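In order, the protein sequence lines correspond to chains A and B. For the first sequence, the numbering used here assigns the number 1 to the initial residue and increments by one for each residue that follows. For the second sequence, the numbering used here assigns the number 172 to the initial residue and increments by one for each residue that follows.
Rather than coming from a laboratory, the hints here were simulated on the basis of the structure. There's no promise every hint is true.
As the list claims (entries may be wrong) - Listed below are the simulated DSSO-like cross-link pairs for lysine-lysine, each with C-alpha atoms no more than 30 Å apart in a straight line:
id, chain 1, residue 1, chain 2, residue 2
1, B, K354, A, K50
2, B, K680, A, K51
3, A, K140, A, K50
4, B, K688, B, K700
5, B, K700, A, K70
Unchecked claim - Beta-carbon label-pair distances, calculated as ranges:
id, chain 1, residue 1, chain 2, residue 2, range
6, A, E39, B, K378, 29 to 39 Å
7, A, V92, B, K188, 50 to 60 Å
8, B, G201, A, V92, 46 to 56 Å
Bear in mind that the values here come from a model prediction, so they are computed numbers and not experimental data. Idealized CB from N, CA, C, for every residue including glycine.
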Amino acid sequence: MNAMNDIIRYHTVSVLVDNESGVLARVIGLFSGRGYNIESLTVAEVDADKKSSRITIVTSGTMQVIEQIKAQLERLVPVHRVVDLTVDGPAVERELALVKVKGIGEHRVEALRIADIFRARVVDSTNESFVFEIVGKTRKLNAFIELMQPLGLEDVARTGVAAISRGKDRM
Amino acid sequence: MSSATMTGSQIILRALKDQGVDVVFGLPGGVTIPLYDELYQQNALQHILVRHEQAAVHAAEGYARASNKVGVCLVTSGPGATNTVTGLVDAMMDSIPLVCITGQVPTALIGNDAFQEADTTGITRHCTKHNYLVKSVEDLPRIMHEAFYVARTGRPGPVLVDIPKDVILAEGKYSGPSKVEHKTYRPKIKGDFSKIKKAAKMIAEAKKPIIYCGGGVINSGPNASKLLKQFVKMTGYPCTLTLMGLGAYPGSDNQFLGMPGMHGTYEANKAMYDCDLMVNIGARFDDRVTGRLDGFSPNSKKIHIDIDPSSINKTVIVDLAITGDAGHVLEDLIKAWKSQQLTPNAKALKKWWATIEQWRDVDCLSFKEMKSKIKPQYFLRRLGELTKGKDVYISTDVGQHQMFAAQHLSFDEPNRWLTSGGLGTMGYGLPAAMGAQAAHRKAAAICISGDGSFMMNLQELATCMQFNLPVKTFVLNNKYLGMVRQWQEMFHEERYSETVLDVNPDLVKLAEAFGAKGIRITKPDQVDKAIKDALAHDGPVIVDVMTDAKENVFPMIPAGAAHNEILLGPKDVPDDAHDDDVGGMVLT
Numbered sequence: 001m002n003a004m005n006d007i008i009r010y011h012t013v014s015v016l017v018d019n020e021s022g023v024l025a026r027v028i029g030l031f032s033g034r035g036y037n038i039e040s041l042t043v044a045e046v047d048a049d050k051k052s053s054r055i056t057i058v059t060s061g062t063m064q065v066i067e068q069i070k071a072q073l074e075r076l077v078p079v080h081r082v083v084d085l086t087v088d089g090p091a092v093e094r095e096l097a098l099v100k101v102k103g104i105g106e107h108r109v110e111a112l113r114i115a116d117i118f119r120a121r122v123v124d125s126t127n128e129s130f131v132f133e134i135v136g137k138t139r140k141l142n143a144f145i146e147l148m149q150p151l152g153l154e155d156v157a158r159t160g161v162a163a164i165s166r167g168k169d170r171m
Numbered sequence: 172m173s174s175a176t177m178t179g180s181q182i183i184l185r186a187l188k189d190q191g192v193d194v195v196f197g198l199p200g201g202v203t204i205p206l207y208d209e210l211y212q213q214n215a216l217q218h219i220l221v222r223h224e225q226a227a228v229h230a231a232e233g234y235a236r237a238s239n240k241v242g243v244c245l246v247t248s249g250p251g252a253t254n255t256v257t258g259l260v261d262a263m264m265d266s267i268p269l270v271c272i273t274g275q276v277p278t279a280l281i282g283n284d285a286f287q288e289a290d291t292t293g294i295t296r297h298c299t300k301h302n303y304l305v306k307s308v309e310d311l312p313r314i315m316h317e318a319f320y321v322a323r324t325g326r327p328g329p330v331l332v333d334i335p336k337d338v339i340l341a342e343g344k345y346s347g348p349s350k351v352e353h354k355t356y357r358p359k360i361k362g363d364f365s366k367i368k369k370a371a372k373m374i375a376e377a378k379k380p381i382i383y384c385g386g387g388v389i390n391s392g393p394n395a396s397k398l399l400k401q402f403v404k405m406t407g408y409p410c411t412l413t414l415m416g417l418g419a420y421p422g423s424d425n426q427f428l429g430m431p432g433m434h435g436t437y438e439a440n441k442a443m444y445d446c447d448l449m450v451n452i453g454a455r456f457d458d459r460v461t462g463r464l465d466g467f468s469p470n471s472k473k474i475h476i477d478i479d480p481s482s483i484n485k486t487v488i489v490d491l492a493i494t495g496d497a498g499h500v501l502e503d504l505i506k507a508w509k510s511q512q513l514t515p516n517a518k519a520l521k522k523w524w525a526t527i528e529q530w531r532d533v534d535c536l537s538f539k540e541m542k543s544k545i546k547p548q549y550f551l552r553r554l555g556e557l558t559k560g561k562d563v564y565i566s567t568d569v570g571q572h573q574m575f576a577a578q579h580l581s582f583d584e585p586n587r588w589l590t591s592g593g594l595g596t597m598g599y600g601l602p603a604a605m606g607a608q609a610a611h612r613k614a615a616a617i618c619i620s621g622d623g624s625f626m627m628n629l630q631e632l633a634t635c636m637q638f639n640l641p642v643k644t645f646v647l648n649n650k651y652l653g654m655v656r657q658w659q660e661m662f663h664e665e666r667y668s669e670t671v672l673d674v675n676p677d678l679v680k681l682a683e684a685f686g687a688k689g690i691r692i693t694k695p696d697q698v699d700k701a702i703k704d705a706l707a708h709d710g711p712v713i714v715d716v717m718t719d720a721k722e723n724v725f726p727m728i729p730a731g732a733a734h735n736e737i738l739l740g741p742k743d744v745p746d747d748a749h750d751d752d753v754g755g756m757v758l759t
């Protein structure tokens, strides 16, 4: 049972909730009140008829903490389902970032080349700057941003992870 | 029953009636006047006017614990609602089913810093099981019924319903409780039978077992306590009950070892430490019980039966977890035991009981009686003796008197003992006793308090007088904030910082100022008469019991210690005991 208490792991938890005011505040309050980590969070309505939203949270902690987080989420009245995508079978995870890079000359050219390699698109350009739109796994985005650092990285806006299970079944 | 058109006020009252509510505790205010107007024009629902909204919540808590029904309180917006927060956190911690109805400013004014406006749903979001802001009268009946469902289903807890004034005034259609189907919240009540069978086998094979139960058995209903008794008797195993579980198993029975934990008995703590199988039914491995976690029952296998899956493996990792209601699981456990024709290991059990008897011989709750001063333990034993077999409900406040009461009183039935365990709220005692009295008019409701705690909600004496709730309050008066004083004596070299209560009101005169009866006693030979006189008096009574200030609560497992590092008396306290290297567990 020692495995419960050693390694810090990152889990992507997908929470299906009622689309009512205050539900997001309740979920976030649960995390902050109990000292759990929110590495990233996205939320949006997924079913207008049934008025439900999906909150996708990347959290970190020991296995025991992760189990607690899931149990505490399930206990909330407006929560329909809690799925741990890191554990419950293969899943697809994506994140989007808008990255502003300012530079001229060689830096500008290098930035474009790297963007090409990463299949990032240019969504804004001036003579001295670009805004790149990049979609992919968190690690890919992190790598891209790191590479932009010495080339004039100005600003980053990220969405946080959206995730869904692979296969035909609903989560 | 049908969908008649009514005002919001009428819908609220109708919903309460259909939910079986007969008493609410509350205090009116600007936004709830229309509702109170409707209340005035009917007789079915009784309203008890408190003098502070915090007391309304504690009274609803006492009512709920004493009756196994959902307690209801009704307060106004702004300060009325914010005054309920302490009570709501208390109910949340101790899993008490409550519905708290708060008025709110009209919907058009919400968010405008209106008069007596507060973000009630925001403030209480994290101290309620769930809360609602009723935005339209169309939602009102559904929300009212849902609130009761959520409060009482699964692990009970407080639910707040915030109703704006315009919704209270608006007209809408009523719908009854049968139309409520909750789409998401459906907790698991019945345990997994294959796991229960496995548990039964583990229990039969144990050589040094202990059954450890808590508030969950009480919440399950009186039948759960009956089943617990049957199970404990059937196995012949020792049983210990937490502070919140006292009364779930008869305290007078020989198989009861007393309460475990920080101020629990020596035999209960030793048995928890040395056992090879711990069966937890409806308790949550609270830190007051476990002490230092790495020293908690290190060599035992543990079974945890709890209705709340998030309580399982939260602090203590267990070997077999069963999610379900205590009563249902106990019923299945008895079936599984009988169907598998299990028997306990008689030889090992005999040896285990012999060891337990040796621990009992230490007589850890013994104390030196004095002729000149009243010891709190002596007083409580006399109170227990003189109320034995009577129809009595006992509440406490928080502190040394609370621990002494838990140690020296004995409860043979559930729902008789009302105390603030998880939150430890001073000021809980008097209103809670009031709530119990309202639930059981013919019984005697007793509040055991301390001079510190009593000051916090003493205004409720007016409520007791006005509504004929003859609560008998016994204030164990040592002129200190006793529990903190004890820690200061033991760990801070007697530096009594801000724990001395030099100025206390004359409690006899105070009682008389409210029109109640006041009695003061200073010597042990006055105790019996004071108790008898108080119980016989037709009305609220305050008994000012001047006790020995130097008496400390023992046994004690200090913060950061393990069960086998228990202190039995003053001479056990090491000279170098400091709070410095506390492993995380502190008094507050």
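Going down the list of hints, with the structure as the test:
no. : hint                        : result
1   : B:K354 to A:K50             : 10 Å, holds
2   : B:K680 to A:K51             : 61 Å, violated
3   : A:K140 to A:K50             : 35 Å, violated
4   : B:K688 to B:K700            : 14 Å, holds
5   : B:K700 to A:K70             : 57 Å, violated
6   : A:E39 to B:K378: 29 to 39 Å : 47 Å, violated
7   : A:V92 to B:K188: 50 to 60 Å : 53 Å, holds
8   : B:G201 to A:V92: 46 to 56 Å : 54 Å, holds
The structure fails hints 2, 3, 5, 6 (numbered hints given earlier, in ascending order).
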